[in-house]
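Novice: If you want the building blocks of each chain, they are given just below.
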Amino acid sequence: MTISRSLYILIHMNFKIIDPLTGICSGAIIAFAVSQIIPTDWNMFLAMAVGGGIGMVLKFVLLLLLAPFFGAFEVMIPLSIIAMSVGMLSGMASAQGSVPDGCISVTGGIIGLAVSAAIYFSNKKLVRLQ
Amino acid sequence: MDQRNKYDQVAKVFDFFRKGDMRRWGRVQKDHFKQMHGKILHIGVGTGMEIINFPPGLDITGIDLSAKMLERALWRAKQYQGKIRFCLMNAETLAFPDDTFDTVATVCVFCTVAHPVAGLKECKRVLKPGGKLLLFEHVMSKNLIYGLSLKFMSLFTNALEGTHLDRDTVENVRKAGFKVQSEKNVYLDIVKAIEGVK
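Those sequence lines, one after another, are chains Y and U.
Count the first sequence with this note's numbering and you get residues 1 to 130, in order.
Count the second sequence with this note's numbering and you get residues 1 to 198, in order.
Isolated chain Y, as found in the complex:
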């Protein structure tokens, strides 16, 4: 299967699959990037703040890449929460030095999935509440 065909299928997938998938991928990517940037000997609080900052910068990049295909608000709201929380946690975990990078990325992905699920149910409740 060609790359363009794969991209076409991904873009036209059902949003019920796309939303958690983008949440998982965004969380994992942000966590991985932070784990690669923050050195292991940093102070935990500094690492947390810088991690959060890196998360916010990556949020804008991911937003620009994803929003045209999957909707601005439906991407922006989960991504804002994922970027800040995953960035800060990954920063702290990286500064500890004892947590493997892979483990940090998987945790980022799990947080991404949890945030996507929370927003899905919150949306269902708010849309029904009228």
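Quick caveat, the hints were computed from the structure, so don't treat them as lab data.
Even for Gly, the Cβ is constructed at its ideal location relative to N, Cα and C.
There's no promise every hint is true.
[To be verified] Covered stretches of chain Y, going by a simulated chain U footprint (3 or more residues, C-beta under 8 Å):
| # | stretch |
| --- | --- |
| 1 | 29-43 |
| 2 | 69-75 |
| 3 | 119-126 |
[Said to hold, decoys possible] 30 Å max Cα-Cα, derived DSBU-like pairs, lysine-lysine:
| # | chain 1 | residue 1 | chain 2 | residue 2 |
| --- | --- | --- | --- | --- |
| 4 | Y | Lys124 | U | Lys30 |
| 5 | U | Lys6 | Y | Lys125 |
| 6 | U | Lys142 | Y | Lys124 |
| 7 | Y | Lys124 | U | Lys6 |
| 8 | U | Lys151 | Y | Lys125 |
| 9 | U | Lys121 | U | Lys175 |
| 10 | U | Lys6 | U | Lys175 |
| 11 | U | Lys175 | Y | Lys125 |
| 12 | U | Lys39 | U | Lys124 |
| 13 | Y | Lys124 | U | Lys151 |
| 14 | U | Lys151 | U | Lys78 |
| 15 | Y | Lys16 | U | Lys121 |
| 16 | U | Lys39 | Y | Lys125 |
| 17 | U | Lys175 | U | Lys198 |
| 18 | U | Lys30 | Y | Lys125 |
| 19 | Y | Lys16 | U | Lys142 |
| 20 | U | Lys39 | Y | Lys124 |
| 21 | U | Lys179 | Y | Lys125 |
| 22 | U | Lys151 | U | Lys6 |
| 23 | Y | Lys125 | U | Lys83 |
| 24 | U | Lys30 | U | Lys175 |
| 25 | Y | Lys124 | U | Lys184 |
| 26 | U | Lys68 | U | Lys142 |
| 27 | U | Lys121 | U | Lys83 |
| 28 | U | Lys78 | U | Lys6 |
| 29 | U | Lys151 | U | Lys124 |
| 30 | U | Lys184 | Y | Lys16 |
| 31 | U | Lys78 | Y | Lys124 |
| 32 | U | Lys175 | Y | Lys16 |
| 33 | U | Lys30 | Y | Lys16 |
| 34 | Y | Lys16 | U | Lys34 |
| 35 | Y | Lys125 | U | Lys142 |
Since the structure of chain Y is already known, use the hints to place chain U on it.
Specialist: Here is chain U on its own, set in the frame of chain Y:
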């Protein structure tokens, strides 16, 4: 740079960036705009992406601030099975007499209009008594977490393209003198389909 120039500049890429929104909201917009009747004023036509969600056979006057956007909307207007004419106009100073239209419709416009209440008062002026205001807009969330995200992002969107993500458009509709008949959440409590009556 003023709003008109900003929209002239983004006209080329506007459709690309709104494609996802249209996929998400197309069905809901179709349902919301089913209520359109009589003479229609569509404020903020943009590149005409929403025209496909309007019922056929209507008499629509579409306005926009940007000539480049309207140029791109022309082919969509040609495909519409009804009457559409476009005017280059600011939503805050509508060049129509009082009580002209039966319905005024907008999609994501009052986040961008510089003085939203003034713009909505203009909508009220050009609407006939009992006329409908059909808005499909994003507004500030009442949820603290979503609200903070919107406030933060609004700093950037406002600087880049003059879009405010933190406006209480439902309250603005009331301030302009409309009776809000319904406000339906489309996505969280951020994207709403609002129905007002003069």
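Novice: Are the hints correct? Go through all of them and say.
Specialist: Evaluated hints:
Three residues within the 8 Å Cβ limit are the bar, and the stretch 29-43 of chain Y against chain U gives 0, so the coverage statement is violated. Here the stretch 69-75 of chain Y counts 7 residues with a CB under 8 Å from a CB of chain U, which clears the bar of 3, and the coverage holds. Note: the stretch 119-126 of chain Y has 4 residues with beta-carbon separation from chain U under 8 Å; the three-residue rule is met and the coverage holds. Using a Cα cut-off of 30 Å, the hinted pair lysine 124 of chain Y and lysine 30 of chain U holds, with the two alpha carbons roughly 20 Å apart.
Taking the CA atoms of lysine 6 of chain U and lysine 125 of chain Y, the gap is near 37 Å; set against the 30 Å cutoff, the hint is violated. Note on lysine 142 of chain U and lysine 124 of chain Y: the hinted pairing holds, with a Cα-Cα distance of about 16 Å set against a maximum of 30 Å. Annotation: proposed proximity of lysine 124 of chain Y to lysine 6 of chain U is violated, straight-line Cα distance about 36 Å (limit 30 Å). With a CA separation close to 23 Å, the supplied pair lysine 151 of chain U and lysine 125 of chain Y stays within the 30 Å bound.
Annotation: proposed proximity of lysine 121 of chain U to lysine 175 of chain U holds, straight-line Cα distance about 9 Å (limit 30 Å). Restraint check for lysine 6 of chain U and lysine 175 of chain U: satisfied, since their Cα atoms lie roughly 28 Å apart, inside the 30 Å limit. Under the criterion of a C-alpha separation no larger than 30 Å, the hint pairing lysine 175 of chain U with lysine 125 of chain Y is consistent with the structure, at around 28 Å. Pair hint lysine 39 of chain U plus lysine 124 of chain U holds up; C-alpha atoms about 14 Å apart against a cutoff of 30 Å.
Between lysine 124 of chain Y and lysine 151 of chain U, the direct Cα distance comes to roughly 23 Å. Compliance with the 30 Å bound is thereby established for this hinted pair. Among the hinted pairs, lysine 151 of chain U with lysine 78 of chain U is inconsistent with the structure: their alpha-carbon atoms are about 39 Å apart, more than 30 Å. At most 30 Å may separate the alpha-carbon atoms for a hinted pair to count; lysine 16 of chain Y and lysine 121 of chain U exceed this at roughly 40 Å. Our distance criterion of 30 Å between C-alpha atoms is broken by lysine 39 of chain U and lysine 125 of chain Y, whose separation comes to about 36 Å.
For the hint pairing lysine 175 of chain U with lysine 198 of chain U, the CA-to-CA distance comes to about 12 Å; that is within 30 Å, so the pair holds. Only pairs whose Cα atoms come within 30 Å are accepted, and lysine 30 of chain U paired with lysine 125 of chain Y is accepted, the gap being roughly 22 Å. Under the criterion of a C-alpha separation no larger than 30 Å, the hint pairing lysine 16 of chain Y with lysine 142 of chain U is consistent with the structure, at around 25 Å. For the hint pairing lysine 39 of chain U with lysine 124 of chain Y, the CA-to-CA distance comes to about 35 Å; that exceeds 30 Å, so the pair is violated.
For the suggested pair lysine 179 of chain U and lysine 125 of chain Y, the alpha carbons sit about 26 Å apart, so the restraint of at most 30 Å is met. The suggested pairing of lysine 151 of chain U with lysine 6 of chain U holds, with an alpha-carbon distance near 21 Å, which does not exceed 30 Å. For the hint linking lysine 125 of chain Y to lysine 83 of chain U, the alpha-carbon distance of about 40 Å lies beyond 30 Å, and the restraint is violated. A distance of roughly 27 Å separates the Cα atoms of lysine 30 of chain U and lysine 175 of chain U; the hinted pair therefore holds under the 30 Å criterion.
The hinted pair formed by lysine 124 of chain Y and lysine 184 of chain U meets the criterion: a straight-line CA distance of about 13 Å does not exceed 30 Å. Pair hint lysine 68 of chain U plus lysine 142 of chain U does not hold up; C-alpha atoms about 36 Å apart against a cutoff of 30 Å. For the hint linking lysine 121 of chain U to lysine 83 of chain U, the alpha-carbon distance of about 26 Å falls within 30 Å, and the restraint holds. For the hint pairing lysine 78 of chain U with lysine 6 of chain U, the CA-to-CA distance comes to about 26 Å; that is within 30 Å, so the pair holds.
With a C-alpha separation of about 29 Å, the suggested pairing of lysine 151 of chain U with lysine 124 of chain U holds against the 30 Å cut-off. About 21 Å separates the Cα atoms of lysine 184 of chain U and lysine 16 of chain Y, which keeps this hinted pair within 30 Å; it holds. In summary, the hint linking lysine 78 of chain U to lysine 124 of chain Y is not supported, as the alpha carbons are separated by about 38 Å, beyond the 30 Å threshold. For the given pair, lysine 175 of chain U sits about 38 Å from lysine 16 of chain Y by alpha-carbon distance, which is inconsistent with the 30 Å threshold.
A hinted pair counts as satisfied when its Cα atoms are at most 30 Å apart, and lysine 30 of chain U with lysine 16 of chain Y qualifies at roughly 21 Å. For the hint pairing lysine 16 of chain Y with lysine 34 of chain U, the CA-to-CA distance comes to about 26 Å; that is within 30 Å, so the pair holds. Between lysine 125 of chain Y and lysine 142 of chain U the CA atoms are separated by roughly 14 Å; this keeps the pair inside 30 Å, and the hint holds.
The structure fails hints 1, 5, 7, 14, 15, 16, 20, 23, 26, 31 and 32 (numbered hints given earlier, in ascending order).
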